[in-house]
Structure formats: C-alpha cells, structure tokens
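From just these sequences and the hints, can you work out the full model?
Heads up: the protein sequence lines correspond to chains A and B, in order. Per our numbering, the first sequence starts with residue 36, numbered consecutively. Per our numbering, the second sequence starts with residue 36, numbered consecutively.
Identical chains blur together in the list; that is why a pair holds if it fits in one copy or across any two.
Straight-line alpha carbon distances no greater than 20 Å define the calculated SDA-like cross-link-like pairs of lysine to any residue that follow: (1) 91 - 261; (2) 175 - 301; (3) 91 - 292; (4) 289 - 258; (5) 73 - 114; (6) 289 - 261; (7) 175 - 270; (8) 202 - 318; (9) 364 - 122; (10) 140 - 95; (11) 289 - 262; (12) 364 - 112; (13) 241 - 92; (14) 91 - 45; (15) 318 - 141; (16) 289 - 257.
It is worth saying that the hints were derived from the structure and are not from the lab.
Protein chains: 2
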Amino acid sequence: MNKQLILSKRPEGLPKADTWTLEEHPIPKIKDGEILIKQLYISLDPAMRGWMRDVKSYIPPVQIGEVMRAGSVGKVIQSKNPNIPEGTYLSGTGGVQQYVVSGGKGWYPVDPKLAPLPTYIGALGMPGMTAYFGLLEVAKLKEGENVMVSGAAGAVGSVVGQIAKLKGCKVVGIAGGPEKCRYLIEELGFDGAIDYKNEPIRDRMKAEMPDGIDVYFDNVGGEILNTALTRIRRHARIVICGAISQYNNTEPTKGPSNYMSLLVNRARMEGMVVFDYAKDYGKAAMQMGQWMAEDKLKSKEDVYEGIENFHETFLRLFSGEKMGKLVLKVDED
Amino acid sequence: MNKQLILSKRPEGLPKADTWTLEEHPIPKIKDGEILIKQLYISLDPAMRGWMRDVKSYIPPVQIGEVMRAGSVGKVIQSKNPNIPEGTYLSGTGGVQQYVVSGGKGWYPVDPKLAPLPTYIGALGMPGMTAYFGLLEVAKLKEGENVMVSGAAGAVGSVVGQIAKLKGCKVVGIAGGPEKCRYLIEELGFDGAIDYKNEPIRDRMKAEMPDGIDVYFDNVGGEILNTALTRIRRHARIVICGAISQYNNTEPTKGPSNYMSLLVNRARMEGMVVFDYAKDYGKAAMQMGQWMAEDKLKSKEDVYEGIENFHETFLRLFSGEKMGKLVLKVDED
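Here it is as structure tokens:
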C-alpha cells in the first residue's frame with residue numbers, strides 16, 4: 036500500500052492535525068515508459084506553507100484532495116523506462132507519499148556514494164541552490180562585503196553564510212537560541228551570530244557590523260527585516276528569499292516600514308525563486324559538491340522518521356525546533 | 036536687505052507657519068573670488084520635507100536657525116570672480132532667500148534664451164534629471180514596457196511619463212482629481228490616468244494595465260505603492276523616488292505589506308538619489324532640451340510669487356493644489 040498525505044483543509048494560521056489526512060491506496064501499476072519510485076526522504080520546507088494558500092503565486096497551489104507537494108529523494112524499484120534502470124536514486128518533487136509513478140520528467144539522478152541522500156534535498160538540493168544563486172546572481176556578492184543572513188541556521192541560511200565566507204566576506208547570522216548561534220560560529224565559521232529570541236536585534240546588528248550591511252539575505256521577514264533596513268550600507272542588496280515569520284499570519288502582514296532606507300542608501304530589495312536557475316543547477320551542484328569534498332561546506336540535515344509524523348515534524352519549521360535542513364525519512368533504502 | 040526664511044522649529048506632521056521665521060539681514064559683501072546672486076526662482080520640492088527631519092539621510096538635515104535649503108535659479112549681480120561675469124544666470128542650491136554669496140561651486144550656468152528660467156528647476160533641473168536617470172538607469176526601461184507612475188502630474192512624474200512615451204512604452208499616471216488626469220492624457224499624451232481621490236485604485240490599475248506593470252515609478256508611497264505591488268509583472272522594477280504621502284506622518288509609516296510580491300514576481304524595488312548622477316546631468320539635459328525643442332517633452336511650472344508666501348505655497352506640495360513643478364518667484368529679473 037502507498038501511504039499518502041492529502042491536503043484536506045486549507046489552514047488559517049499554523050496548520051493543524053486536520054489540515055491533512057493520511058490515506059492508504061494501492062501502489063499504482065506502471066506502464067511502458069514509466070518508473071515506480073520508492074521514496075526515502077521527504078524535504079520539509081517553509082515554501083510548502085505558501086503552496087497551501089489558494090492565491091496566485093510562482094507555482095499553482097496544492098488543491099484540496101491532492102497529495103501535499105514536497106521535494107524528495109527516492110529509489111527506482113520498478114522500471115519500464117529503458118533510460119532509468121531499477122536501483123537508480125532520483126531527486127524530484129515526489130510529494131508526501133511513499134510511492135510515486137513517473138515518466139521520469141522532473142527527476143534527476145543522485146549518487147549516494149558522493150553524498151548522503153538527504154544532502155540532495157539539502158545543500159545539494161533546492162536550499163543549497165537558493166543560497167548559491169541568491170548570493171551570486173541576485174545579490175551579485177563581491178569579495179570583502181558584509182553579509183547578514185536571517186534564518187541562518189536553516190537549510191538556506193546556513194549555506195548562504197558558508198558560501199559568503201568562501202567568497203571572502205564577513206558573515207553574521209541571525210538565529211533563534213544560543214545553541215544555534217554557537218553552531219553558526221563554531222561549526223560553520225560565521226564571524227558572528229545574533230540570537231533574535233534573547234538579544235536586542237538592532238543593538239546587536241550594530242555591534243556585529245558597525246559599518247553596516249552590504250548584502251542582507253532574508254528568510255524571515257517581519258520586524259527583523261525591518262530592523263535590518265535601518266542598518267544597510269549604500270548600494271546594499273536585500274535578497275527576498277522567504278518570510279517564514281509571516282507565513283502563518285492570520286492578520287495582514289506588516290510591511291517593512293523602513294523601506295525608504297532603500298532610497299537613502301540607493302539600495303535594492305529583490306525577490307527570487309530558485310526554479311528560475313534550473314538550467315544552471317548542475318554547474319552549481321558541481322561547485323558545491325567540490326566545496327563539500329574539500330570540507331569547506333557543511334550540509335546539516337535534521338532527519339525525523341515516519342510519514343505518520345509529518346505534521347509534527349512540519350511544525351518544527353515554524354517553531355524553530357530543528358537544526359539545519361528538516362527532512363522526513365519515510366522508508367529504508 | 037536680504038530676506039531669508041529660517042528654519043525655526045522642527046515640525047511634527049505638516050509644517051506650520053511657526054516652522055519658519057522670515058528674517059531680514061543686510062546683503063553680504065563679496066570678497067575676491069566670490070559672486071553675489073540675486074535669486075529669481077526658488078524650487079519647492081517634496082524632498083525638502085525630508086531635509087527638515089533630524090535623522091541621518093542622504094544629505095545632512097537643515098539645522099534650526101539655518102536658511103531653509105532649496106534649489107533655485109538666480110542672476111549674478113556682482114562678481115569678483117573672473118570666471119563668472121555679472122549678468123550670468125545660474126542654477127544651484129541657493130536656499131529660500133533673496134541673495135546668496137558664493138564662490139561659484141555647485142552653481143551651473145543656465146541660458147534663458149534656450150528655456151524659461153523656471154524650467155531649469157523643472158524638467159531641465161533636479162526633477163527632470165530624477166525622471167531621466169530613474170527610468171533609464173535605475174529601472175533600465177525597455178521599449179514596449181508597461182510603465183505606471185504615481186504623483187504623475189508632479190514635477191518628476193510628468194517627465195517620467197513623457198520620457199516613457201518617448202521610449203515607446205505604455206504609460207498610465209496616478210494623480211489626484213479629474214483635472215490632473217485630463218491633463219496627463221490630453222496634454223502629456225499618457226495612455227491612461229487614474230484619479231486616486233475618486234476612483235478605486237486597484238480596479239483601475241487592473242483595467243488600465245490588465246497585463247500588469249513592468250516599471251512602477253513611485254513618488255508617493257503608502258497604500259498606492261502597496262496596491263501597485265499586487266499588479267507587477269515578472270521582473271518588474273519599482274523605482275523608489277519618494278513617498279510624499281508619508282512625509283508628514285506623525286504615526287509610524289505603514290510599510291508595503293505586499294512586498295512578498297517581489298519574490299513571487301522576481302521583481303526588485305530600488306531607491307535612488309538623483310545627486311549620484313551629477314556627472315551625467317549635462318548629457319541628460321542636452322537630450323531633454325532637444326526633446327523640448329522638438330516639442331516632444333513639456334515642462335509645466337506652477338509659479339507663485341513672493342518669499343513671504345513660502346509657507347502657504349510649500350503646503351501645496353502636500354495638498355496637491357498645484358499643477359506640475361511648484362516654483363516660487365522671489366524677485367524680478
């Protein structure tokens with residue numbers, strides 16, 4: 036049987052247990068040209084909260100009754116497609132379910148001998164690509180700049196900071212709690228870390244980067260973004276990658292009231308969607324893989340188990356109770 | 036005697052009569068290398084409201100007791116500077132006063148035979164330069180794009196719209212009242228106009244540009260900017276030039292809560308300060324002058340008289356009771 040997590044109700048605010056229903060259906064039969072993928076790891080990402088909203092966005096919303104969309108890594112266990120032999124490991128958007136039938140489109144081979152499978156939905160997957168293209172293509176990062184990143188201990192933020200360090204920048208991360216802050220500095224080599232749950236953000240931003248911020252990579256939005264706006268330097272670039280603090284809002288979002296700092300500082304705020312860079316994923320993954328092999332880039336995944344535990348695990352994205360990339364293991368290899 | 040308008044008090048909200056004091060002082064004597072300028076036209080600009088605030092910005096604030104800063108056009112009536120003969124007309128930042136002594140730095144010769152003097156603080160002055168560089172350098176306008184501009188009947192907005200038309204774009208302006216809207220379409224050749232005082236903005240934006248906005252040139256901020264954010268197209272550029280709706284706020288500014296549209300649309304919001312383009316003013320003015328000579332670009336100034344009337348005239352910037360560039364004539368040529 037194939038356990039599938041179905042979106043059963045659009046949540047207001049934080050998703051609740053009844054947002055989804057876990058259903059069991061027979062594993063589908065494959066036809067000529069198709070493959071059957073047994074999913075191993077499911078990617079849990081803040082963007083998924085956006086996909087649940089019934090609004091026009093960069094991707095159509097998940098419909099009620101559909102399997103919840105999610106990135107994943109799996110293994111081909113049956114194949115009627117001569118190009119994809121059984122035993123191939125693939126990464127794609129398999130959704131929150133145990134088995135997927137596909138013609139192969141949108142699935143990319145990954146090699147568990149080069150990196151652990153969860154890394155392909157972490158630093159070598161969408162979060163890593165987001166960090167890479169956000170910094171290098173959107174922000175057009177230059178050596179020696181001051182980089183600040185919010186959600187710094189998360190899947191994207193942790194890679195942002197590490198790439199910025201590799202590019203010769205000063206890096207300060209914003210994260211929740213002393214443990215994460217210690218991790219940023221001691222394990223990932225950040226120059227500084229701000230604990231937004233326990234420290235006065237504006238003062239700490241000033242103390243960590245007295246001469247201001249050149250690149251602010253934003254994953255959280257809200258008051259932290261608004262405060263960062265008061266600390267940008269001339270010609271700063273703010274990359275709008277996400278706004279996790281706002282995703283479960285039931286009240287209207289508060290906009291960044293300090294946006295006129297963009298004028299004063301001739302700065303820009305620019306949004307990005309990683310899918311736009313798909314044609315260059317390969318190149319980026321090669322560079323990132325190289326850095327990982329040289330131990331210059333670390334990927335950290337926080338792996339939980341069991342598709343039954345999807346809901347509780349998903350909520351860790353918003354409570355912050357996780358370290359690095361949040362992954363749900365749904366089956367043994 | 037030299038009548039000078041002194042900033043006597045920092046206003047909260049809209050400036051009041053006691054924000055300034057009109058003082059009379061002897062006309063200063065000039066020394067070797069200096070010139071005495073009799074000011075003829077004073078430029079009244081929304082940016083002046085910002086210069087009165089005691090905060091760090093792109094230019095130091097005007098201090099209490101100082102002559103209020105303002106752009107101006109005047110005539111050299113005494114000269115001990117061999118490079119600037121008597122009778123020369125100059126444009127510079129002479130402040131709200133009748134006479135200025137200067138070494139000449141920051142003053143540029145203007146020719147009343149080529150254009151009326153007030154035009155040199157209008158389309159051929161800072162507002163025109165702002166429009167020119169904002170569209171062409173910041174927004175990197177492309178032929179055929181959809182351009183929307185707020186404060187469209189103002190000094191900057193009216194030039195933005197006309198340049199965009201000259202560049203083969205579709206142009207819609209936002210202005211207050213039917214008279215201004217008629218003016219935009221009938222006199223300046225805009226494709227459409229939205230009367231924000233009397234029309235539902237979102238619906239009208241949609242009706243005028245059903246396929247969305249490529250370049251939004253913002254002079255007003257507030258709810259109109261926030262609504263425009265819901266109407267941008269992919270890769271849109273929002274030029275942050277001003278936020279006149281917010282300058283007299285006594286409550287905290289409301290930020291653009293729809294800023295996540297920047298992400299969805301891979302768009303950017305970028306601030307600008309015209310002074311950054313000073314080295315290219317000459318080139319731009321030549322192009323603009325050419326367009327004016329060919330009757331392809333109109334400069335409209337709304338000229339009021341008398342330095343005594345500065346306060347009432349200045350308030351027209353915020354009430355909108357003016358058409359085009361607001362100018363105060365302070366003396367006869």
